[in-house]
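Sequence lines, in order, name chains F and G.
Start counting the first sequence at 1; every next residue gets the next number (our numbering).
Start counting the second sequence at 242; every next residue gets the next number (our numbering).
For the record, the hints were derived by calculation from the structure and aren't laboratory data.
Being a predicted model, the structure only gives us computed values, none of them experimental.
Keep in mind that a hint or two might mislead.
Computed list of lysine-lysine pairs in BS3-like fashion (alpha-carbon distance at most 25 angstroms, straight line) [what the hints assert, rightly or not]:
id	chain 1	residue 1	chain 2	residue 2
1	G	Lys334	F	Lys60
2	G	Lys306	F	Lys52
3	G	Lys323	F	Lys60
4	G	Lys260	F	Lys60
5	G	Lys261	F	Lys52
6	F	Lys51	G	Lys301
7	F	Lys81	G	Lys306
What follows is a set of in silico ranges between Cβ atoms, one per label pair, in the way DEER data are often shown [claimed, not checked]:
id	chain 1	residue 1	chain 2	residue 2	range
8	F	Ala85	G	Ala392	32 to 40 angstroms
9	G	Ser371	F	Ser108	20 to 28 angstroms
10	F	Ser108	G	Ala392	39 to 47 angstroms
11	F	Glu49	G	Arg262	49 to 57 angstroms
12	F	Ser170	G	Thr405	52 to 60 angstroms
13	G	Phe287	F	Glu71	45 to 53 angstroms
14	F	Leu37	G	Gly269	23 to 31 angstroms
15	F	Gly133	G	Gln296	43 to 51 angstroms
In this text, a Cβ means the ideal position worked out from N, Cα and C, and glycines have one as well.
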Amino acid sequence: MKISKLPDLSQLKVFLFPGVVVVLIILSGMLVLKPQLTSFFDLRKDLAEQKKELAALSQKVAVLEGYDLNELQNRANFALKVLPAEKDSPLVLVTVRSLIYSHNLILSDLTIDVGSLASESAEPTTKIEEKEGVPSFSISLSFSGALTDLYDFLTAIESTLPLMRLEELSFSREGHSIEANLELVSYYLTLPQSLGKTDRQIVPVTSEEEEIYLEVNQYLSLEGGASLPYVTSGKENPFTF
Amino acid sequence: MVDKSINLLQPDQISLGEKKRTHLLKLGTIFLIVFYCLGVLAIFSFGLVVQREHQLVQEKINLQKTKLTSLEKTESIQFLFKQRLSSLFKIVKADRPMAEEWLNYFDSFANEGLSLEGVSWLPTGQVSLSGMAGNALYLSDFLENLKKATAEGKIAQSVLASATRHAEGTYDFSLEINIKEINENQ
């Protein structure tokens, strides 16, 4: 019977230490180093995003700190007079009536198509009328007077607050006298739904918009100088003298 | 004679090679451990640096957010102002012909024998004029002026919609005009 000779394992003894080290390195690499590396790369990625966020926030803070709050408030208030937050039909009525009388025209009819007077939170049931992409409502009026006064009135109505624009004009004339029908549109714009979000970028006012502001800043405001006519209603109070 | 010789040094030479290999293996293993440890140390320490930087940036972000909270009013007003101006820009900068300017322009074409009695105006530049001319010559003068304005490019089109002659020689007429260049005559 032939007995096979066992391999001499003592020759492999020298590879035991390096082998154990390599196995340990692989194991520790899998169990410790890999999660650490993953978290390290995630952290770096996160850090890059954080730096971007910090840059945006710093820029926003710098821009906002550059504004003079009082001046900005005054400008915003004026912009709200030009473009009110809601349909300010009494003011429009007062303004149109005042301009008609100040231009020696005789008003025979005035209709304001206000539409629905829903609050901001209410769901609009009808489609909001828009001109130039801005919500508006129309005013129709009939009047008579002189042709030159009509032209002056047309110039005045488009340079008076709140912002109004001529939509349609028709008139018949006899010499210098006219009988005119006019349709105007008055604009309004509801307040922004959300204000002051930290993650929103500040969009600065452009030079063209600044020019527009300076242009409308020249517009005439009749607010305070004009009022609705006082109409008595009901019985007279017998206790007042 | 036996010419074969026994090399007694051979086993020592093999043993030296093995020793060298063993030594190299040990040295390589030690270097591997050192490099691995250095690598691990570098990754961990760099991770700590990044973590610290992450914390610092986060602190700065929180600081900026606190500042922004105090600037919330300014931001809201700025946003409101910007919103108004954007809309005003659309309305004010819209190319709309000025009615009074153009109607004066058409008036300047009318001679003493012709009167414009009815005007209809749309901001899109569509104008309807109706009037009365004392005779055909006055009317043709007026139409000639309109033709010149069309040739100059101020008016896109002018169409005589109707002209009715009365027994006394006067004419009632109506015209449809399309303005081409916005406020060209201003």
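Hints, verified against the model:
Proximity of Lys334 of chain G to Lys60 of chain F is assessed by CA-CA distance (about 29 angstroms); at most 25 angstroms being required, the pair is judged violated. Distance check on the hinted pair: Lys306 of chain G and Lys52 of chain F sit about 14 angstroms apart at the alpha-carbon level, within 25 angstroms; holds. Distance restraint check for Lys323 of chain G and Lys60 of chain F: the Cα-Cα separation of roughly 15 angstroms lies within the 25 angstroms cut-off, and the hinted pair is therefore satisfied. With a C-alpha separation of about 70 angstroms, the suggested pair Lys260 of chain G and Lys60 of chain F falls outside the 25 angstroms cut-off, and the hint is violated.
For the suggested pair Lys261 of chain G and Lys52 of chain F, the alpha carbons sit about 57 angstroms apart, so the restraint of at most 25 angstroms is broken. For the hint linking Lys51 of chain F to Lys301 of chain G, the alpha-carbon distance of about 10 angstroms falls within 25 angstroms, and the restraint holds. For the proposed pair Lys81 of chain F and Lys306 of chain G, the alpha carbon gap of about 32 angstroms is over 25 angstroms, so the pair is violated. Here the CB-CB span from Ala85 of chain F to Ala392 of chain G is close to 49 angstroms, at odds with the stated 32 to 40 angstroms.
The hint said 20 to 28 angstroms for the Cβ distance between Ser371 of chain G and Ser108 of chain F, and at roughly 22 angstroms that hint holds. Take Ser108 of chain F and Ala392 of chain G: their Cβ atoms lie about 41 angstroms apart, and the range 39 to 47 angstroms holds. A hinted range of 49 to 57 angstroms for the beta carbons of Glu49 of chain F and Arg262 of chain G is consistent with their spacing of about 52 angstroms. The beta-carbon spacing between Ser170 of chain F and Thr405 of chain G, approximately 20 angstroms, falls outside the hinted interval of 52 to 60 angstroms.
One distance hint, 45 to 53 angstroms for the beta-carbon pair Phe287 of chain G and Glu71 of chain F, holds here, with the actual separation near 49 angstroms. Between Leu37 of chain F and Gly269 of chain G the beta carbons are some 24 angstroms apart, a value that agrees with the proposed interval 23 to 31 angstroms. Range check, Gly133 of chain F to Gln296 of chain G: about 47 angstroms between beta-carbon atoms, so the 43 to 51 angstroms window is met.
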